[in-house]
Amino acid sequence: MAAITDPATEWELAPPMSARLRGSLGATYRAARRDKVLAASITVLLIGLFLAFFAPTLARTDYERTDPVNRLLGPSTDHWFGTDNWGRDVFDRTIVGTRLSFLVGVSVTVVSTVIGVSVALVISYFRLLDSIIMRVVDGFLAFPTILLALALISLIGPSVGNIIIALSVTATAGKIRLVRGAVLSLRESTYVEAARAVGVPVPRILMLHVLPNIVSIIIVQATFTLAGAILAEASLSFLGAGVPEYVPSWGNIIATGQGYMQVGFHISFFPGLFLTITVLAVVLIGDSIRDHLDPKLRGRLKTTAHS
Amino acid sequence: MAEVLLKVKNLSTLFRTEGGVVKAVDNISFEVRAGETFALVGESGCGKSVTALSIMRLIPTPPGEITSGTVEFDGIDLLKLRNREMRAIRGSKIGMIFQEPMSSLNPVLTIQSQLAEPLKIHMKLSSGAANDRAEELVNMVGIPDARARLQQYPHELSGGQRQRIMIAMAMSCAPRLLIADEATTALDVTIQAQILDLMQDVTEQSGTSLLIITHNLGIVARYADRVAVMYAGKLREVSDASDMYAEPQHPYTVGLLRSVPRLDSDKGAPLTPIAGEIPDLTDLPDGCAFNPRCPWAVERCFTDDPELEEISTGKQVACFEHASVALHD
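In the order they appear, the protein sequences are chains A and B.
Here my numbering is used: position 116 in the first sequence is 116, and no number is missing along the way.
Each number in my numbering comes from the position in the second sequence (counting from 1) with 1000 added on.
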């Protein structure tokens, strides 16, 4: 068998963890080379992450200090995105806002995925618990996300932590619903029955036989959660239920600009553009991952790789 | 006569469905002796698989429920065991092979990790020892290049190879009983024969009893020592395999044998299928469930349900008219 001695395909046949990681990074790189949209989306996200980490050092002005003399200036070489109604630099405030967006987005995604997946795995094996939790989940899902988040924040007070909590609640409910469905259908599969027939205990079946089979669903859903959370945070800040006004967030910069649309269109425009591009990039990456994880499509890629 | 390994007595399993209660297995009793190959035959939906799953206690509850009976395995009633004790028996004392080799293996795990799993769980082997043993097992079931195979994923193997892996897995902890539930139905005939030969070889070598569940009378003829014929949840005839072919005593068995071609029958003679259809299990006819399709049925068959009774040594039949039933008119 040539395939076994061929070192290029070795990782595919014998994947220890590090090699598997290298393999998936390599696969991502190869996919990105073929798929221009994916490449662009990943680039956008990397830039976003870079800004989120280094925004305070990149900012050329004190983004919290007001400067009424230079208020409502249009874009120029001094102020790339112009200034707002208090004379603060919109470019600086926008890139600093990236931090909050990514922080909230990533936190909500991680929290909701970890809790949602764990709960779904556990309740899929306890009928009574399942019916109770699912009714609660139904209750949460009956509310529009923003409305529920608004209600929660008015209850626990606006702060970054509370925004994350409020958005995580609804995102988790959605996760539980999705993963539970997948687990229930997998539980009926022959290989899970076969695993039970060799005496594998339930927790081990869940971790070893069920979880790896739903990873693709979880990853894809996570990208949509990320996009949704970034958007939701901006909406909350726009509505004034998010972070305080002096902390820059895409949402509240847009809200500020709203009152000056005719004289300072740029104030809302640039953070809006950032928001749109980021969300679009995340969603496109999600789409792309879904295509690549689709077993039918993957089968086709495999055959071409082997030929 | 060898000792009795598995003794199923008055086992009943029913499913509560929206359409009513289905008695999938209705008060059946049979014995599997140590080292023998026992076949359970019958058409689809007659309760063969439910019998196997009941023995393994893998009936999904609800809707299914084992309502009565005992399943004595090596002197222990499996139905009375705690879940944990039952889990220790599954895979170690009783192995099971399922119908679909294509979906019996987890697509995201390597063959090695799946083969090593029962070894780690039941024999408490270390990963290294389990992997070595897994390699031996793959060799045992006749797959070449075992070391490389172990690192592959199920989709890289053919159906026959996957079923060989399933056999290796089922035999990994040297079980006393191997249950093969339609294990070769999804494979083509040549592979079917190879897999069955393999199962016979490995079970014979280790003295394991083999319980074959099938609708294929050819398999029964070639591999089984004894056979039980099942119809609508009940056993209708239990006998030595050779006896059953020579002298079937139940009208249903006769019907089955008449509907398969035989090399010794007249050339061009038409096959006679069994008239009618399988009855609705939620609404069985009164008396013997086979009466609407039975050419020998007498008045009594429509009111009373015959019990399985021993008519000669090693031969049990559930039919009032068994004396007049014969394969050839």
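Source of the hints: derived by calculation from the structure; they are not laboratory data.
Since the structure is predicted, the reported quantities are computational estimates derived from the model, not experimental observations.
We put the beta carbon where it would ideally sit given N, CA and C, even for glycine.
It is possible that part of the hints are untrue.
[Claimed, not checked] Computed, partial: chain A to chain B, Cβ under 7 angstroms:
# : residue
1 : T77
2 : G157
3 : T190
4 : Y191
5 : A197
6 : V198
7 : P203
8 : P212
9 : N213
Hint check: 7 angstroms Cβ-Cβ cutoff, A/P212 to chain B | holds, 4 angstroms
Close enough to count: is the Cβ of A/G157 nearer than 7 angstroms to one in chain B?
-> violated, 44 angstroms
For the hint on A/Y191, just tell me whether its beta-carbon gets within less than 7 angstroms of chain B.
-> Hint holds; A/Y191 Cβ to chain B Cβ min 5 angstroms, cut 7 angstroms.
Against chain B, run the beta carbon of A/T77 and see if the smallest gap drops under 7 angstroms.
-> Violated. Min distance 55 angstroms.
Hinted contact A/A197 with chain B - closest CB pair below 7 angstroms | Given a least distance of 4 angstroms, the restraint on A/A197 holds.
Restraint satisfaction for A/T190 [CB to CB of chain B, less than 7 angstroms] = Check passed: Cβ of A/T190 comes within 4 angstroms of chain B, closer than 7 angstroms.
Taking 7 angstroms as the limit, does the beta-carbon of A/V198 come near enough to a beta-carbon in chain B?
-> Cβ of A/V198 sits 3 angstroms from chain B, so the hint holds.
Against chain B, run the beta carbon of A/N213 and see if the smallest gap drops under 7 angstroms.
-> Since chain B brings a Cβ to about 6 angstroms from A/N213, closer than 7 angstroms, the hint holds.
May I ask you to test the interface hint for A/P203 with respect to chain B, counting a Cβ-Cβ separation under 7 angstroms as satisfied?
-> Since the shortest Cβ distance to chain B is 12 angstroms, the answer is violated.
Violated hints, in rising order: 1, 2, 7; the structure is consistent with all others.
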